[in-house]
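Peer 1: Residue strings, one per chain:
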Amino acid sequence: MSNQDPPAPLQVTTRKAAAVLAENKERMLLSLNEAGVGFPLITTSRQQIALENSEAASELLRGALATPATLTAPPASYIPFDHESDPEFITPHVRAALVAALAQHMPTISIASLTERATPHYVLYAVTAQGRLRRQVGQAVRNIAANAATTFEYCPSQGNHDAFVKFLHSPEQNDPRGRTQGYQGLARTAQRTRRRRPEIPGQGSLLDELEKADGNEESAFEEEERDEM
Amino acid sequence: MTTRADLSEILSADASTPTKTFVIEAHPASDSTLLLQELAGRPECLEATDDAFLFRLWVPEEQNCFWVDQLDERFWSFHTNMPAAPASRYLKQHVGSRHDLDWVWLPSDHLRTVWPNAPTRGVRSRFEGQLLRGPGSFDDVRIKLAGRSVEFFLEYLSRDPEIRSAVPFDGIEVALDDPNLGSITEAVDRKGRFAVSGNSLEFHVQFVETVVGRYRKLVELCEQKALAWTGFDRSQSESGGRMVGGPIVISFSRSIDDIERFVDSLFSSREPFRLWGVPRIEDGVAEIEAVDLHVGEVLRIDIGEKWLRIYLPKGGCGNSVVRMASNLQHRFDATLVFADPELQAALKGISPPLMV
Numbered sequence: 028m029s030n031q032d033p034p035a036p037l038q039v040t041t042r043k044a045a046a047v048l049a050e051n052k053e054r055m056l057l058s059l060n061e062a063g064v065g066f067p068l069i070t071t072s073r074q075q076i077a078l079e080n081s082e083a084a085s086e087l088l089r090g091a092l093a094t095p096a097t098l099t100a101p102p103a104s105y106i107p108f109d110h111e112s113d114p115e116f117i118t119p120h121v122r123a124a125l126v127a128a129l130a131q132h133m134p135t136i137s138i139a140s141l142t143e144r145a146t147p148h149y150v151l152y153a154v155t156a157q158g159r160l161r162r163q164v165g166q167a168v169r170n171i172a173a174n175a176a177t178t179f180e181y182c183p184s185q186g187n188h189d190a191f192v193k194f195l196h197s198p199e200q201n202d203p204r205g206r207t208q209g210y211q212g213l214a215r216t217a218q219r220t221r222r223r224r225p226e227i228p229g230q231g232s233l234l235d236e237l238e239k240a241d242g243n244e245e246s247a248f249e250e251e252e253r254d255e256m
Numbered sequence: 002m003t004t005r006a007d008l009s010e011i012l013s014a015d016a017s018t019p020t021k022t023f024v025i026e027a028h029p030a031s032d033s034t035l036l037l038q039e040l041a042g043r044p045e046c047l048e049a050t051d052d053a054f055l056f057r058l059w060v061p062e063e064q065n066c067f068w069v070d071q072l073d074e075r076f077w078s079f080h081t082n083m084p085a086a087p088a089s090r091y092l093k094q095h096v097g098s099r100h101d102l103d104w105v106w107l108p109s110d111h112l113r114t115v116w117p118n119a120p121t122r123g124v125r126s127r128f129e130g131q132l133l134r135g136p137g138s139f140d141d142v143r144i145k146l147a148g149r150s151v152e153f154f155l156e157y158l159s160r161d162p163e164i165r166s167a168v169p170f171d172g173i174e175v176a177l178d179d180p181n182l183g184s185i186t187e188a189v190d191r192k193g194r195f196a197v198s199g200n201s202l203e204f205h206v207q208f209v210e211t212v213v214g215r216y217r218k219l220v221e222l223c224e225q226k227a228l229a230w231t232g233f234d235r236s237q238s239e240s241g242g243r244m245v246g247g248p249i250v251i252s253f254s255r256s257i258d259d260i261e262r263f264v265d266s267l268f269s270s271r272e273p274f275r276l277w278g279v280p281r282i283e284d285g286v287a288e289i290e291a292v293d294l295h296v297g298e299v300l301r302i303d304i305g306e307k308w309l310r311i312y313l314p315k316g317g318c319g320n321s322v323v324r325m326a327s328n329l330q331h332r333f334d335a336t337l338v339f340a341d342p343e344l345q346a347a348l349k350g351i352s353p354p355l356m357v
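Going down the list, the sequences are from chains D and Z.
Residues in the first sequence are numbered consecutively from 28, following our numbering.
Residues in the second sequence are numbered consecutively from 2, following our numbering.
Some clues are possibly wrong.
[Claimed, not checked] Each pair of labels, with its calculated beta carbon distance range:
#  : chain 1 : residue 1 : chain 2 : residue 2 : range
1  : Z       : P117      : D       : A153      : 31 to 41 Å
2  : D       : R215      : Z       : E283      : 42 to 52 Å
3  : D       : L56       : Z       : D101      : 46 to 56 Å
4  : D       : P33       : Z       : N200      : 56 to 66 Å
5  : Z       : E156      : D       : R42       : 49 to 59 Å
6  : D       : C182      : Z       : L72       : 43 to 53 Å
7  : D       : N51       : Z       : E283      : 41 to 51 Å
8  : Z       : D284      : D       : E61       : 27 to 37 Å
9  : Z       : D284      : D       : E86       : 30 to 40 Å
10 : D       : D189      : Z       : K93       : 36 to 46 Å
[Stated by the list, open to error] To give an idea of the interface, some chain Z residues facing chain D are shown, with a C-beta separation under 7 Å as derived from the structure:
#  : residue
11 : C46
12 : W59
13 : D73
14 : W230
15 : G232
16 : Q237
17 : G242
18 : V245
19 : S270
20 : R271
21 : V286
22 : L294
23 : G297
24 : E298
25 : G305
Hint data in this document are derived by calculation from the structure and do not stem from the laboratory.
Glycine included, C-beta positions come from ideal geometry on N, C-alpha and C.
Turn these sequences into a full structure, and let the hints guide you.
Peer 2: Dropping the structure here:
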C-alpha cells in the first residue's frame, strides 16, 4: 500500500449481549432462559469480568473473555444509588451534601436542592422517580438530624413551602482549631467504632526535641507551613 | 496614580529586599474588585490605579502594601516588598477562611524543571510522612542544598527506589539571564510563592506567568475530565440521559499498608488536605463521599492499596485534585502518577511547551 492510499474502512459489527452484576447472575440466566433469548451474558464483580452463555457469544467476545478478566480495582461506580436503593446507601451522600452546605455558610437548604446536590445523576430520572428520590433524601435528613440535633434541623413542608433543612450551628463559626474539631465531631456521629492501633499519646519526634537544644532556625516561608495539625 | 510600568520602580527586587510575589487562585462570586474590597476590610485600604487590573492593597498593621495584579482573572499575583513572614501570614489568614481563594499547589516536577537550562542555585525537599505513614517509608525528610547544580544530588538520591518516593521538590532557586530582559535570581516554592532579586521586574513577571501557565493547564485538564450528566429532551423521552467524563485515577509507587489509618488521617478535616468524610471499607477498598472543606464541594473518592480515584463533578474545581496530588507527593508518595497520560504529562510539566 502506498502512502497515498486511503486507510481501509473499519469494519464495525454489532452483537447483542446482556451485562449484569455478578451477584444477579443466576437470576439473569434464568430470565434469559425462560424468555428463550440466547444472549451472551457479561457479569462484573469487584474482582473480575466474566462471560456466561459463552456458546451464544461471538468469536471475538469469547476470545477476549475466554478466562475471566481480573480487575486491579473494582469498577468505578457512576451511579452509586437510585430511587429504589436502601436508605443506608443514600444517607452517606446526603450527609456529605449537608456538610458541604455547612462549609459554604448556607443558613438553610431545601430538600429539592439538597437532592440535586446529593444526586449528580438526578437528571436521568423521570418525574415520578425524582419525587421518590426527594422523599428518600428527606427521610435520610430526618435520621441525620436526629443524631446531630445541635447542627441540623429538619423542617417539614408547610403550606406553600417545600421541606428544608435549617443549619443551627456550623463549624465554620469556630476558630481554625475548633472548626477542625467541629467537622471531626460530625464524622463521629456517622462512624462506626473501629479497631485502632494503640499509640502513645503526645508522642512526637524525639530528634525534634533534641534539635530544640541547638535552636531551630527556619526560613520565614517554612515558619508559615505549620498549620493546625 | 500608578501604572503597571511604575511597578519596576516601586518594587526594588534588590538582593537585600527581594520582591515577593504570591499567586492566589480566586473564584469571585461576582465582581473581582468586590472580593478585593472584602479582603481590604476598610475602603481606604484598597486603591485603584490607572490600570484597571492593578490595585494597591494596604496592610495597615505592617504599614506596607501588596500590588494586586488581576490581569489573569483566575490566578492573581500579589507583589510586595514586605518581609515574607507577615505577607504570608496575612494571605494565609484570608485563604484559610474563605472558599473563593486557594493557593496554587505546584507539583514536584513543575519545580524540578522550572526553567530549562537555568543554573540551579538552591533546592529544598521536604517530606512529612507522619500523617499517612507505613512501614518502610521515611517519616520526615528535610533537605536544603545550596550551590551550583545542586539538583544533581536530589536526582542521585531519587535513583534509589526506596528513597525516590520521599524526596519531592519543595522549592527551587535559579539564576536567569536573558540578553533582552536582564538578569534575575528567582526562588519559588510549591505554594506558588516567589522571591526575586535582579534588574528586571518584567523578566520576573514573565517567569511567574510561565510557571502559572503550566499549572493552569493541569488544573483545567482535571476540570475537562469532570463527570457531567445531561438529561434527554423530556419531550422525546421520559427519562434517561448522557454522561461524559470519568474518574481521575492516581497510581502510587508504594502500597498503603494500613488503609484504615490512611483514610482516617486523610479525611480528618485537617490541613493541608482539609477533607471531610466517613470512609466505608470493604475488601481493602475504601469508598468515601468526601467534602473538600477548602471550597465546600462534595468529592467522591475511592482508595485501594496502590491507587486513588477521584470523581470530580462538573463545575468542580480542578485545583482540588491538584492540591490533593501535590500534598500526597509531600506526605505519601513523591513519585505518584496520574493514570491518564494527558494528565500525567501535565503533572510532569511537559505540556504546554515552555517559553524559552
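Peer 1: Enumerate the violated hints, using their earlier numbering and listing them in ascending order.
Peer 2: 1, 2, 7, 11, 12, 13, 16 and 18
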